[in-house]
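Please model the complete structure; the sequences and the hints are all you need to start from.
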Amino acid sequence: MDAFSPAVHRTIFVVDVEGFGARRRINPDQVAIREGLYRVLREAFVAAGMRWDDCYREDRGDGVLVLISPEVPKQVVAARLPGQLSAALRRHNRACAEVVRIRLRVAVHAGEVHFDEHGVVGTAINMTFRLLEAAALRSALAASPGVVALIASEWFFEEVVRHDPASVPAAYRRAWVAVKETHTTAWVRLPDQPTPPNRANEVALTCDYDGRIGDLPAELTSFVGRAAEVAEIKRLLSRSRLVTLTGPGGVGKTRIALRVAADLRNSYADGVYLVELSGLRDPELLTDTVATALGLPGQTARPAIEILADYLKNRRVLLVLDTCEHIIDPCAALANVLLRGTTDVDVLITSRQPLDSAGEHVISIRPMRVPPDDDEPFGRAYDAVTLFADRAVVVQPDFAVTEDNWPVVAAVCRRLDGIPLAIELAVVRLRVFSAEQMVPLLDDRFRLLTRNLRTAPERQQTLRTAIDWSHELCAPEERLLWARLSVFAGDFDLSAAQQICASGELPADQLLVHLANLVDKSIVIRVETNVGTRYRLLDTIREYGRERMVALGEEPELRRRHRELYLAMARRFDEEWLGSGQVAWIRRLNAERPNLRMAMEFCLGEPGAAMVGLTMATTLWGYWLCSARLSEGRHWFDRGLRLLPEPTPTRARALWLTGWFAIAQGDHPAGEPLFEESRAIAIQTGDDSALAYAIQYLGGVYMFRGEAARSLVMYEDALARLRVLEDRPGLVIITFQLGMCLFLNGHPTRALAACDESLRLNGDNDERWCRGWALYIKGLVFWMLSEYRTSAEMISACLRMKHELGDIQGIAHCLEVLGWGAAQEVRHQRAAWLMGAAHPLWQKIGLPLFGMEILRDHHNTAERRAQEALGRDSYAEIFQAGTKLVVDQAVNLALGDETLSDG
Numbered sequence: 016m017d018a019f020s021p022a023v024h025r026t027i028f029v030v031d032v033e034g035f036g037a038r039r040r041i042n043p044d045q046v047a048i049r050e051g052l053y054r055v056l057r058e059a060f061v062a063a064g065m066r067w068d069d070c071y072r073e074d075r076g077d078g079v080l081v082l083i084s085p086e087v088p089k090q091v092v093a094a095r096l097p098g099q100l101s102a103a104l105r106r107h108n109r110a111c112a113e114v115v116r117i118r119l120r121v122a123v124h125a126g127e128v129h130f131d132e133h134g135v136v137g138t139a140i141n142m143t144f145r146l147l148e149a150a151a152l153r154s155a156l157a158a159s160p161g162v163v164a165l166i167a168s169e170w171f172f173e174e175v176v177r178h179d180p181a182s183v184p185a186a187y188r189r190a191w192v193a194v195k196e197t198h199t200t201a202w203v204r205l206p207d208q209p210t211p212p213n214r215a216n217e218v219a220l221t222c223d224y225d226g227r228i229g230d231l232p233a234e235l236t237s238f239v240g241r242a243a244e245v246a247e248i249k250r251l252l253s254r255s256r257l258v259t260l261t262g263p264g265g266v267g268k269t270r271i272a273l274r275v276a277a278d279l280r281n282s283y284a285d286g287v288y289l290v291e292l293s294g295l296r297d298p299e300l301l302t303d304t305v306a307t308a309l310g311l312p313g314q315t316a317r318p319a320i321e322i323l324a325d326y327l328k329n330r331r332v333l334l335v336l337d338t339c340e341h342i343i344d345p346c347a348a349l350a351n352v353l354l355r356g357t358t359d360v361d362v363l364i365t366s367r368q369p370l371d372s373a374g375e376h377v378i379s380i381r382p383m384r385v386p387p388d389d390d391e392p393f394g395r396a397y398d399a400v401t402l403f404a405d406r407a408v409v410v411q412p413d414f415a416v417t418e419d420n421w422p423v424v425a426a427v428c429r430r431l432d433g434i435p436l437a438i439e440l441a442v443v444r445l446r447v448f449s450a451e452q453m454v455p456l457l458d459d460r461f462r463l464l465t466r467n468l469r470t471a472p473e474r475q476q477t478l479r480t481a482i483d484w485s486h487e488l489c490a491p492e493e494r495l496l497w498a499r500l501s502v503f504a505g506d507f508d509l510s511a512a513q514q515i516c517a518s519g520e521l522p523a524d525q526l527l528v529h530l531a532n533l534v535d536k537s538i539v540i541r542v543e544t545n546v547g548t549r550y551r552l553l554d555t556i557r558e559y560g561r562e563r564m565v566a567l568g569e570e571p572e573l574r575r576r577h578r579e580l581y582l583a584m585a586r587r588f589d590e591e592w593l594g595s596g597q598v599a600w601i602r603r604l605n606a607e608r609p610n611l612r613m614a615m616e617f618c619l620g621e622p623g624a625a626m627v628g629l630t631m632a633t634t635l636w637g638y639w640l641c642s643a644r645l646s647e648g649r650h651w652f653d654r655g656l657r658l659l660p661e662p663t664p665t666r667a668r669a670l671w672l673t674g675w676f677a678i679a680q681g682d683h684p685a686g687e688p689l690f691e692e693s694r695a696i697a698i699q700t701g702d703d704s705a706l707a708y709a710i711q712y713l714g715g716v717y718m719f720r721g722e723a724a725r726s727l728v729m730y731e732d733a734l735a736r737l738r739v740l741e742d743r744p745g746l747v748i749i750t751f752q753l754g755m756c757l758f759l760n761g762h763p764t765r766a767l768a769a770c771d772e773s774l775r776l777n778g779d780n781d782e783r784w785c786r787g788w789a790l791y792i793k794g795l796v797f798w799m800l801s802e803y804r805t806s807a808e809m810i811s812a813c814l815r816m817k818h819e820l821g822d823i824q825g826i827a828h829c830l831e832v833l834g835w836g837a838a839q840e841v842r843h844q845r846a847a848w849l850m851g852a853a854h855p856l857w858q859k860i861g862l863p864l865f866g867m868e869i870l871r872d873h874h875n876t877a878e879r880r881a882q883e884a885l886g887r888d889s890y891a892e893i894f895q896a897g898t899k900l901v902v903d904q905a906v907n908l909a910l911g912d913e914t915l916s917d918g
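For this note's numbering, add 15 to where a residue sits in the sequence shown, where the first one is 1.
Simulated from the structure, these hints should not be mistaken for lab results.
All of these numbers come straight from a predicted model, not from anything done at the bench.
For every residue, glycine included, the Cβ atom is placed at its ideal position computed from N, Cα and C.
Treat the hints with care, as some may be off.
To be verified - Using 35 Å as the maximum straight-line C-alpha spacing, the simulated DSBU-like pairs for lysine-lysine come out as follows:
#1 K195 to K328
#2 K249 to K899
#3 K859 to K249
#4 K249 to K328
#5 K89 to K859
Said to hold, decoys possible - Here are the simulated distance ranges between beta carbons:
#6 E868 to R804: 25 to 35 Å
#7 T199 to R586: 19 to 29 Å
#8 N141 to T544: 39 to 49 Å
#9 V728 to V565: 54 to 64 Å
#10 G911 to R725: 18 to 28 Å
#11 E802 to D44: 55 to 65 Å
#12 T138 to N281: 18 to 28 Å
#13 A523 to R725: 49 to 59 Å
#14 E802 to V728: 50 to 60 Å
#15 A695 to A523: 17 to 27 Å
#16 H133 to D69: 16 to 26 Å
#17 A62 to D131: 27 to 37 Å
#18 E340 to D44: 49 to 59 Å
#19 A695 to M799: 34 to 44 Å
Structure (structure tokens):
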């Protein structure tokens, strides 16, 4: 054979046995697994229409490399082989003891290979084995109850899978692969998992199967320079658990932190989380904001800091807390508590000043390097010039830095002190001015600002220069709109901008034109969300505009308009949320939450406006419930109640709402006195509605406390009062709650009737929250009556509704009860992973099964049955696999009954 044989093209198929070298598997087990593996592969290849003996094979100990002849169409490998391999593995596993059952990671690619006397070699083979080691693939299989996880290279997906409907391209999800020298994208599929309907496979790279809920935003522009800073931050994070990036606004702290976080994703097994704090004005909500970013809902009475510390205790996580300077002390305290209470959590901070915390490593992010003077020769690399050139090509596709324009470009970057934000704003002006024209403009503005702001910190002078210059280039109407838009916190939609900002020199019919101009000039950023197109100002730009708003004397009026708009929005929500638009409303208020917070903050801090603030908080009660934000709801209620001690109808309503949220979180002792005070005020003021609700939720206290008979008396009293008041929303809720009470009192027929009345009163619409709980309670009743199939239908219907809303407590309840039903029907594997999937949700909620003893007993019975049938070790393994499922996977698998292996 020649020393270097000609290359030949092959389809490359590599498999690896999960956990082959696990300690529990002794030598005879490994021998049996290898025999089974080859038998399964042969069977799958033959069933897919391929001749196993025609394939080149190399044994890899715990896996096999297979090269498939080019005569075999690649569509056969993509469309037929995964399903046949899964089926063969299932047949094998059913016939084997648990210790020798096989689950496989599979990688598929194609390319040129060389054969020699030692075997086969080629970069395509190297690539395939790198894919096989991808964290996304490992996590996908670990989180799946199935037997196969497959990863296809970007080339194989684009050239084969995407063009062949039989290969089910919609079942693949894009994933990032970073193994050794390989950094690329690939596509992961779980052949055992049903394909979600109407889901495009062009998803963000962060939406892979690795289970990490990183929410790192995609980079919309190229990352330029900063190699030394990124490397140093990574080095420090390998040695220190708290690293802070300091520097002026606009210098690039956030962008650098995000690049570091993205590069380190594979180093943090439990995720990389970005927590944006620029819109947070109330430091008391800091911990809740971090908890929300980690997917921990405020549905427990325990302090959020305890929940965070407990949740993170045994996890490997990187937290990126972005823009901390305005709440520096609370951020320092939070970081200190989390770092002391955990061992594997690292924190990366961006701030204009250090935390001054023990163990903190501070890196000062400087502006980009600029040419030192006009005599600097052309050709030397400077990050600021590279950034200018990179962004300029977007504005002028034929732009390039040449020996001729080098002195001018260098001068612009130097005048802007190498601050990335200033450079990016300047480049946009290439639409209007040449680089040569920019230089004198910047010279004039620098001199003016230096003289007038000599006492300001240097970093503010340099950034203000860039922004002042950009402001100078705006038309007068655009400047006015910029100032007025700064009243918003976070992003906003066009309608809100028109209602608040249009008046006088800015008529509503012209505002859209000026807004479009600000977007074009990079003052306002356009963002696409699940509630449509929205807009936002960068934080530095917003602060600049806020100064102008104050200087113009417009702040009081704009704050008043902002408050009135969001109060009206809250009132419309209160009127409409119990109807077909519920899901859309929740999504909209999720987007508007920073503005709602700012409006309530303004009211509760403004003399004479506290009543408006408390009214807004209470009209949002349905939002706090549906979005699992009970802790935040209580926060606003409590602040308003402290400011308004007088016995008014608003106080009475806030009291019973606060009490309801408290008992829903398991804080039963806190609830009872709140209801008693609400009842007393209602009697004093003649408020029949508040009186009915106070009595209703006193019944809730007794029900959750286990006093079912006493609870029933209170519920029936409240129900009679609400019927007299003809309060339809109240009747919809109290009837399903009465159904739960009757269920606990042993009256199944009456319980079903109460839930049916709730559904009837709710009407023929797409409301989700109340309808879901009514179906859930019916499911419990049917389960108690041993009608397990009917129970499962009810619970599954509830699960779909709770999933659509994002009601994590409802999701946990449904997964749990479906697990009980599976155990009762002797489907113990399904029971194990369903209860496993619910387990991490209970950890987040903090109060499993409302803390009710009768429900805990049912859980214990189902768990005992499954353990006895499967054996404790097998049960624990399947349960653990369930805990690794992300919520969407758990729900899809729970509803896709036919795809599960029940053993």
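Quick rundown of the hints versus the structure:
1. K195 to K328: This hinted pair holds, its Cα atoms lying about 29 Å apart.
2. K249 to K899: holds (28 Å)
3. K859 to K249: Holds, at roughly 30 Å.
4. K249 to K328: holds (23 Å)
5. K89 to K859: The given pair, whose Cα atoms are some 45 Å apart, is violated under the 35 Å limit.
6. E868 to R804: 25 to 35 Å: Given range 25 to 35 Å: holds, Cβ gap about 27 Å.
7. T199 to R586: 19 to 29 Å: violated (52 Å)
8. N141 to T544: 39 to 49 Å: holds (41 Å)
9. V728 to V565: 54 to 64 Å: Taking Cβ atoms as reference, V728 and V565 lie about 58 Å apart, which means the hint holds.
10. G911 to R725: 18 to 28 Å: violated (43 Å)
11. E802 to D44: 55 to 65 Å: violated (43 Å)
12. T138 to N281: 18 to 28 Å: With Cβ atoms ~22 Å apart, the hint holds.
13. A523 to R725: 49 to 59 Å: Check passed, 58 Å falls within 49 to 59 Å.
14. E802 to V728: 50 to 60 Å: Taking Cβ atoms as reference, E802 and V728 lie about 29 Å apart, which means the hint is violated.
15. A695 to A523: 17 to 27 Å: violated (48 Å)
16. H133 to D69: 16 to 26 Å: The hinted range 16 to 26 Å holds for H133 and D69, with Cβ atoms some 21 Å apart.
17. A62 to D131: 27 to 37 Å: holds (33 Å)
18. E340 to D44: 49 to 59 Å: At 58 Å between Cβs, range holds.
19. A695 to M799: 34 to 44 Å: holds (38 Å)
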